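Participant: In order, the protein sequences belong to chains U and V.
Numbering follows the UniProt record's numbering, in which position 199 of the first sequence is assigned residue number 199; successive positions increment by one, without gaps.
Numbering follows the UniProt record's numbering, in which position 128 of the second sequence is assigned residue number 128; successive positions increment by one, without gaps.
Hint data in this document are derived by calculation from the structure and do not stem from the laboratory.
Please note that the accuracy of each hint is not assured.
[Unchecked claim] Calculated cross-link-like contacts (lysine-lysine; reagent style DSS-like; alpha-carbon spacing at most 30 Å): (1) U:K78 x V:K78; (2) U:K58 x V:K53; (3) V:K214 x V:K306; (4) U:K58 x V:K78; (5) U:K336 x U:K285.
[Said to hold, decoys possible] Far from chain U by the CB rule (all over 10 Å, computed), these chain V residues: (6) K30; (7) A59; (8) T74; (9) G86; (10) N109; (11) D134; (12) F135; (13) F151; (14) G211; (15) M233; (16) F236; (17) V246; (18) G298; (19) E304; (20) K336; (21) E362.
In this text, all values refer to a predicted model and were calculated from it rather than measured experimentally.
Note that CB positions come from ideal geometry on N, CA and C, so glycine has one too.
2 protein chains.
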Amino acid sequence: MKLNLATLIVLGLSTTVCMAQSSGIKDDFKPSALNQPGQEYPQVNSQGYARFKIFAPKADSVKVSLGLGGRGGTQLTKNDQGYFTGTTEGPMDQGFHYYHLTVDGGTFNDPGALNFYGSTRWESGIEIPAHDQDFYALKDVPHGNVQQILFPSKSTNTSRRAFVYTPPGYASDSKTRYPVLYLQHGWGEDETAWMNQGHANLIMDNLIAEGKVKPFIIVNTYGMTNEVKWGKMRDFSIIPFQTVLVDELIPYVDANFRTLANQANRAMAGLSMGGMETHTITLNKPEVFSYYALLSGGTYNPAEIKDKSKVKLIFLSCGSKENPERVKSATEELKKAGINAVSYVSEDTAHEFLTWRRSLRELAPKLFRN
Amino acid sequence: MKLNLATLIVLGLSTTVCMAQSSGIKDDFKPSALNQPGQEYPQVNSQGYARFKIFAPKADSVKVSLGLGGRGGTQLTKNDQGYFTGTTEGPMDQGFHYYHLTVDGGTFNDPGALNFYGSTRWESGIEIPAHDQDFYALKDVPHGNVQQILFPSKSTNTSRRAFVYTPPGYASDSKTRYPVLYLQHGWGEDETAWMNQGHANLIMDNLIAEGKVKPFIIVNTYGMTNEVKWGKMRDFSIIPFQTVLVDELIPYVDANFRTLANQANRAMAGLSMGGMETHTITLNKPEVFSYYALLSGGTYNPAEIKDKSKVKLIFLSCGSKENPERVKSATEELKKAGINAVSYVSEDTAHEFLTWRRSLRELAPKLFRN
Numbered sequence: 001m002k003l004n005l006a007t008l009i010v011l012g013l014s015t016t017v018c019m020a021q022s023s024g025i026k027d028d029f030k031p032s033a034l035n036q037p038g039q040e041y042p043q044v045n046s047q048g049y050a051r052f053k054i055f056a057p058k059a060d061s062v063k064v065s066l067g068l069g070g071r072g073g074t075q076l077t078k079n080d081q082g083y084f085t086g087t088t089e090g091p092m093d094q095g096f097h098y099y100h101l102t103v104d105g106g107t108f109n110d111p112g113a114l115n116f117y118g119s120t121r122w123e124s125g126i127e128i129p130a131h132d133q134d135f136y137a138l139k140d141v142p143h144g145n146v147q148q149i150l151f152p153s154k155s156t157n158t159s160r161r162a163f164v165y166t167p168p169g170y171a172s173d174s175k176t177r178y179p180v181l182y183l184q185h186g187w188g189e190d191e192t193a194w195m196n197q198g199h200a201n202l203i204m205d206n207l208i209a210e211g212k213v214k215p216f217i218i219v220n221t222y223g224m225t226n227e228v229k230w231g232k233m234r235d236f237s238i239i240p241f242q243t244v245l246v247d248e249l250i251p252y253v254d255a256n257f258r259t260l261a262n263q264a265n266r267a268m269a270g271l272s273m274g275g276m277e278t279h280t281i282t283l284n285k286p287e288v289f290s291y292y293a294l295l296s297g298g299t300y301n302p303a304e305i306k307d308k309s310k311v312k313l314i315f316l317s318c319g320s321k322e323n324p325e326r327v328k329s330a331t332e333e334l335k336k337a338g339i340n341a342v343s344y345v346s347e348d349t350a351h352e353f354l355t356w357r358r359s360l361r362e363l364a365p366k367l368f369r370n
Numbered sequence: 001m002k003l004n005l006a007t008l009i010v011l012g013l014s015t016t017v018c019m020a021q022s023s024g025i026k027d028d029f030k031p032s033a034l035n036q037p038g039q040e041y042p043q044v045n046s047q048g049y050a051r052f053k054i055f056a057p058k059a060d061s062v063k064v065s066l067g068l069g070g071r072g073g074t075q076l077t078k079n080d081q082g083y084f085t086g087t088t089e090g091p092m093d094q095g096f097h098y099y100h101l102t103v104d105g106g107t108f109n110d111p112g113a114l115n116f117y118g119s120t121r122w123e124s125g126i127e128i129p130a131h132d133q134d135f136y137a138l139k140d141v142p143h144g145n146v147q148q149i150l151f152p153s154k155s156t157n158t159s160r161r162a163f164v165y166t167p168p169g170y171a172s173d174s175k176t177r178y179p180v181l182y183l184q185h186g187w188g189e190d191e192t193a194w195m196n197q198g199h200a201n202l203i204m205d206n207l208i209a210e211g212k213v214k215p216f217i218i219v220n221t222y223g224m225t226n227e228v229k230w231g232k233m234r235d236f237s238i239i240p241f242q243t244v245l246v247d248e249l250i251p252y253v254d255a256n257f258r259t260l261a262n263q264a265n266r267a268m269a270g271l272s273m274g275g276m277e278t279h280t281i282t283l284n285k286p287e288v289f290s291y292y293a294l295l296s297g298g299t300y301n302p303a304e305i306k307d308k309s310k311v312k313l314i315f316l317s318c319g320s321k322e323n324p325e326r327v328k329s330a331t332e333e334l335k336k337a338g339i340n341a342v343s344y345v346s347e348d349t350a351h352e353f354l355t356w357r358r359s360l361r362e363l364a365p366k367l368f369r370n
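Sequences and hints are given; from them, build the entire structure.
Facilitator: Pasting the structure below:
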């Protein structure tokens, strides 16, 4: 059926195909890897163009929030079968992108795509295949587990949720203890982001299968980042989250998982606003963490580090389309001050998840080594 | 702000309020428990009416698929601020319901609600508070963990996903072994259903805290039910799923979790089409399971049970709005044949998740007791 359709297009609509070719858009569109089961749209091609198809026969206007930066997205065109279709004006950055539809002025998700929590709501997600996507692919290797835990929090009077990645072999063995990375999401996201959008579990499974990392546990919880509006970050107080993380979650994880429960075996990292949180909490609690990582999340000034002997690693990263010079120069300053600092710049990516997937791939082998 | 608005309505719109009162709809609407963070709509009132509010200023028509059975849902009315609002014509059954919007002829989810996988797509969900909702509430009791596992499947040449509930204490202890219930979703759903829609983990946490059940592990995986279209169930072959479950998943779980790995400590249950699967697989594999449960999923005929000594329990249930007489009479027939059979009918519910949450509450204390 699919083949017949493709044949039809090539034979019957050769003019259109020629036009498409002359515009330079290759006709090798495939369903996005993040589509709902059985859904043909949205699609992406090998150049990174995204194509959308939305059924809304009585609607006047359907627009997609994705497109070239700042140009306000992609307006779709209606055909006489009631489908709105359209292709992004240019190729998108490789990797994961959030988006939504505007249907006659209202905000809805694409019924073809899976949803991911970002921008303080469940948004549609699309995946532009990256040239290096193999490192976060689901492969036939031993897999770690991702478990939802509900931990008691007296300070907020709630049961709070966290996700815990345990490496392959954790469940069948009963003796080995592991170091722990506390890994935070960004503003508008929550504790689901690193596993759903970030594929942190698959990145770890693959690195472990290749023998590139010393296996460790990863913990994600909600950083309470969305209690403050975007652009008013200065109003954010770290204390409520720091209390949940350091006084409630860490003791719970240490009591319920086979952790190496000490500063030498504990890391904290975060992306974007999660980097801001990591920066503040690691400086406030030098006795708790020894490895620090900010992914598109700012830098450390050597003067902020009171006891340099307690810091085993500072890892700073961002996308090449962000501010890599700031990350690089901050790393040099830290090195000059005698701190083990490393920087990483993700090529051709901006403030988005491919930057952070790659950052985790680069960070993980450097953790818990010294 | 909310208070002011409520005051305004009472003072300024007393005519409307009187009309609403005379129509018998109580004005105590609250956001559904399944709304996205911070979303005020959809709302439900104490009588079970649901109220919707959708922003789509340039749309002509917004309809909600929920309403009274068979009457085609609830047509919303547009106000001059661009919001479509409306209330179901009558009260809804208590518990969980899937729904979607039809916006100018296209199918979209409600941007205010969380999404749940049903009808082979991620649908909006709404929760009508049940009078007995306490049994699946998140309480301040010890919580078990729900973990995603990716297990190798040679027969399908994939890594397949399952969710495993381990009871409180499983993670911190390293010796105790537990029986296992393999618990299946229905047609159109997947392995996320029992934890997301069913709150199976919270039901277990609460029952364990009350000392009402012998703690056990629960495993949910995808029953491959959606490979066949609704209404063509007779075309469904059980063999591919039976192979994944019995030859691949069970050995993986037994190798990676502290299970009691024998027939006496293994149960299978399923809802709706998952009940059909349970019925067939338990009869095909009497050496694998000893406790069988069909939740709105058919019955057993005593003549089907070849070796009655191998069956420790048959549990049959449904909602009172389904076909309770069939469940009750089948149970009597099984008892007459010397089988330990129990039936349960959920009051005032139909083919929906409150029936199945209650069925799990009734089933769990009867498992692994003899």
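Participant: Evaluate each hint against the coordinates.
Facilitator: Going down the list of hints, with the structure as the test:
1. U:K78 x V:K78: Cα-Cα ~24 Å, so holds.
2. U:K58 x V:K53: Satisfied, since the Cα-Cα distance of roughly 20 Å is no more than 30 Å.
3. V:K214 x V:K306: holds, 28 Å
4. U:K58 x V:K78: holds, 16 Å
5. U:K336 x U:K285: With a Cα-Cα distance of about 23 Å, the restraint between U:K336 and U:K285 holds, given a limit of 30 Å.
6. K30: The assertion about V:K30 holds, with a minimum of 19 Å to chain U.
7. A59: Given that some Cβ of chain U is not farther than 10 Å from that of V:A59, nearest at about 4 Å, it is violated.
8. T74: Holds: least Cβ distance 17 Å, greater than 10 Å.
9. G86: V:G86 clear of chain U: closest Cβ-Cβ about 15 Å, beyond 10 Å.
10. N109: At about 6 Å from chain U, V:N109 fails to clear the 10 Å cut-off, so the statement is violated.
11. D134: V:D134 clear of chain U: closest Cβ-Cβ about 15 Å, beyond 10 Å.
12. F135: The claim holds: V:F135 sits with its nearest Cβ about 16 Å from chain U, beyond 10 Å.
13. F151: violated, 8 Å
14. G211: holds, 20 Å
15. M233: holds, 18 Å
16. F236: Holds, since 17 Å exceeds 10 Å.
17. V246: holds, 20 Å
18. G298: holds, 25 Å
19. E304: Label holds. Min Cβ-Cβ 33 Å, cutoff 10 Å.
20. K336: Holds: least Cβ distance 44 Å, greater than 10 Å.
21. E362: Correct as stated: the minimum Cβ-Cβ distance to chain U is 24 Å, above 10 Å.
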